[in-house]
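Peer 1: Residues per chain are reported as follows:
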Amino acid sequence: MNMANITKKVSWSSRGDDSARGEATPLLNGTEEVRYTRQPSGGLFHISRLSTVDLEEEITSEEQDSVRTRPNMIPHNEKLLSLKYESLDYDNIENQLFLEEERRMSHMGFRCLEISRWVICGLIGFLTGLIACFIDIVVEKLAGIKYIVVKQNIEKFTEVGGLSISLILWAVLNSSLVMVGAIIVAFFEPIAAGSGIPQIKCYLNGVKIPRVVRLKTLMVKVFGVICSVAGGLAVGKEGPMIHSGAVVAAGVSQGRSTSLKKDFKIFEYFRRDTEKRDFVSAGAAAGVSAAFGAPVGGVLFSLEEGASFWNQMLTWRIFFASMISTFTLNFFLSIYNNKTGDLSNPGLINFGRFDSDSVAYNLYEIPLFIIMGAIGGLLGALFNFLNYWLTIFRIRYVHRPCLQVIEAMLVAAVTATVSFTMIYFSNDCQPLGQDQTKDDYPLQLFCADGEYNSMATAFFNTPERSVRSLFHNPPGSYNPLTLGLFTLTYFFLACWTYGLTVSAGVFIPSLLIGAAWGRLFGILLSYFTSGSSIWADPGKYALIGAAAQLGGIVRMTLSLTVIMVEATGNVTFGLPIMLVLMTAKIVGDYFAEGLYDIHIKLQSVPFLHYEAPATSHWLTAREVMSSPVTCFNKVEKVGTIVNTLSNTSTNHNGFPVVIQIPDSDEPGMVCGLILRSQLIVLLKHKVFVERARTRLSQRKLQLKDFRDAYPRFPPIQSIHVSQDERECMMDLSEFMNPTPYTVPQETSLPRVFKLFRALGLRHLLVVDSENRVVGLVTRKDLARYHMGKHGLEELQLAQT
Amino acid sequence: MCLRMGLFLTDAFVLTFFVLGIVQISATKRDFSVAGSEVSGHGALMPMSGARFLPESSPFKAHKIAYDFSLSLSSSFPEDLEVSDYCLALLGIFGERYVTYVKCLVSHARPVKICEKCYANYNNLREIYNNISSDSMGPGNMSCHDSLVRSDRLMLVYMLYSSMEEIWSTASCTHCFTPDEKSLSNNTLHILTALNTSLSCFETHQGNHTELCKECKALYRSLSELYSTMEYNNILCIDLEDAMNVTRRLWSKTYGCSFPREETVPVIAVSGFMLFLPVIFYLSSFLHSEQKKRKLIHPKRAKSSHSLMNIQDKFS
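Protein chains in written order, with numbering that gives the first Met the number 0: chain A, 0 to 799; chain B, 0 to 315.
In short, the hints are calculated from the structure, not lab data. Warning: the hint list may mix true and false statements.
Taking lysine-lysine pairs in the BS3-like style, the calculated list, with each CA pair at most 30 Å apart, reads [as the list claims (entries may be wrong)]:
(1) B:Lys294 to A:Lys779
(2) B:Lys299 to A:Lys78
(3) B:Lys291 to A:Lys83
Bound-form chain A, shown alone (with noise of 0.2 Å):
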């Protein structure tokens, strides 16, 4: 037992090694690359085997260590940890500074800062509404104006003939559109691509993504949604509001954009990342519920996604939030409409309402819910599998900007293309509604005048507008040969579409595949029960097909009933959507991942789940943490901070102070911990020793200073430190944090897991029974073990 355990130890680095191998050798294909990535060169430790694997005994240690010092250039894949992201300080500095800033303000400061909190709240709330309303007005009127050319042009050539030029007109008007969105995405924020919900999640779990949240990527945001949408991609706008919601959250709160460089000098008090962050989630609720009409849904994504630092305060400021910017939205729409003051138009998608009766179930129906729960969670999982692979394939081949501009100018065209094929090839021709002609686009091409295409309204058409039509239509609309299609198309489409360079969210698309295929099982339900009534009404089959598809994707459980609970409007559907989404996560997650874990894997992301990996007990903190670990001294020297900090290989974050005991080798005690941007500060300001000795007039270092320094410090590059005064001390008793958190050497990895979870803790110090440093845990330490297929596996570092 205790041989097979060492072997297991060694092979877990000669596969680092084998896999090296393999990379020194040419690739002359792709195909050998793709079994590389299948075993990644992450280590195994595979607990269950050990018993039975007695293989690669011989490989000594030289080996490993002849692995350790060569570079290592792999292949990009899901099993990395990328060291550009960098954890939030969501642990407050309790040094001298804040003491005294605490012991200076009265209490009626304390009641100032509560009541700038909500107003603030309310501020974002607001503006998120606006943004929402600005988006949705500018997409219909471009939506408009480019179905209507085409029509036009369609119309005509149906006639005199030549609809390949109409193909083709439709092509390039969504290829250009589609190209300013990419332009601007690929080339000037490319943080704001895809849906922004994963990023959210990770800064919500405490993660800093670079630049996430700038009004630049907010600019970017907002536009490159309106040029994808209006360009015709199997997208939706609701994921990039929630974004959009976060980034006004970010920069309301602190009052002042740096990119700007415009300082209000107002909410101060709020520039750090404790404070940014109870905004940021307040932000994500006002987002989605701005996008859903969905308050209480916002409330509880924001409670499920960054639930790790919850606070019940919370929870009533963030639900106000929420409702201002459902109606600020609500209100601008009305006003937009003509029917000013008419409070009742909630949300971005508008499912409609649903009448009672139209939706009336019954309990012989529930099991027939499951079974469409299921066929989600299973398309779900086709869905992420599929494009899993295709992101893969992205992040290793189209990374550069231009290609993917490229690209998605010809996901755009095809997207039209397709669309164009099948309504030109469709026969399924419905009489014209009398509300249709005005609000959709309905194309007749070659049905008998006075009726459409039933495949139009569903292609040629905003996504938001073709789910409402599935909801709703009446009976008899689509024949089920169209809605099969148009599931099947749209699902490659909408698959192959999500990870493109473009800002656009996968909630409608996800919607619409879902709400095709329902309205199709409620179509053929009716079909072999020949006809009887009680599955009359197929637009109740489309929502529940929709919420299982939705769930099969995305993998979101309280939050998602709510949104979808509330964005229909009927309560009583409340238990078929929670079961069918039950039943979609479960089915879906027995074959792959939530598709935004899966982005956040192939972004290589340390991201912290709930809990810590199971059989994760036996790791103790030595196997765990960083070590050994640069210190400084109570009492530094300036070359040595400017040494250490300018140390590129060396990345770190934060220093333990140590009180070294004089000619000892051993590691000094712990006394406090200070943290890089500090000590830029302090360098900044040339808080030295000697300095202070000479110049008593000098001010003293408030805490103010280091607010105003935040969230971009500079980087030690720009700090200037001349040779004498690399000769001064810096006293770091003051500023140090004090009391930083520490574990004895033995604690296991869930329990320091629960504490950096529960905290949001950035460095977690190791110590010893005499109370000196060992090592420093990091967010990357920990994020680095997680249950694979195999058992328990272990990430790897890597540059990206």
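Dock chain B against chain A, hints included.
Peer 2: What follows is chain B alone, placed relative to chain A:
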């Protein structure tokens, strides 16, 4: 109050069967008068239970039962709660006009011509209803609105009228008339002429469908354009919509004049080309683009020798 309700029940039943009778029996008026004479004569003496034994095969009989029932109550009505004669007269006129209107609707149900043919009847009905429901006091110093329309739960007069009004508004008949609702609007007359010319063109070329498609195309086209502008401006009533639907069906289905699908080859060629582009794109980026490689970093770790011992301790 209860007594008054009884009286109105009388009216209600009378009216209901009145209307039903129009549809089912042609000689309703005579039946009604017969029933009335029965009431004044020996009806009051008839025991209530006796009514049950009457055969209920015809509407006429049912009507009689109802009448007997209410009559037995009405004998004890105090004088001042009676409906004034003036109001009863109004009600009678309302009934007559109602009948004519409904008759007109039914006889012009298919093909729909209700707006054109029944608007005079509708206007009459509306006039009398407005009289009834206006608050002006009649001779008995009591408005008929209260006594006829609002004094019971059923509010039958109101219900009857509002259902007729709903038919009228669903049909959007007002769209086809001049604002004073006295005559058809100019637009309507235009499109009716256009419809008639198109239909007569269809008539003349009945024998040869290809010729028909060619000859009547211009007429049909101008009709379609006129119709769609009117549709856009929302000035259509059901008569025109129905007539247009029939014409369209004739044109597209009966004579088969809609556009044929004949450019399949170019469409397939263009879409084939479009679908081929991404294949080229992905292949070329796969072959020519440099694969993105990641540089692995090996973090500093504590010497694992004794930690391994630790693991062993735990597992053994």
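Peer 1: Checking against the hints above, which ones are violated?
Peer 2: none
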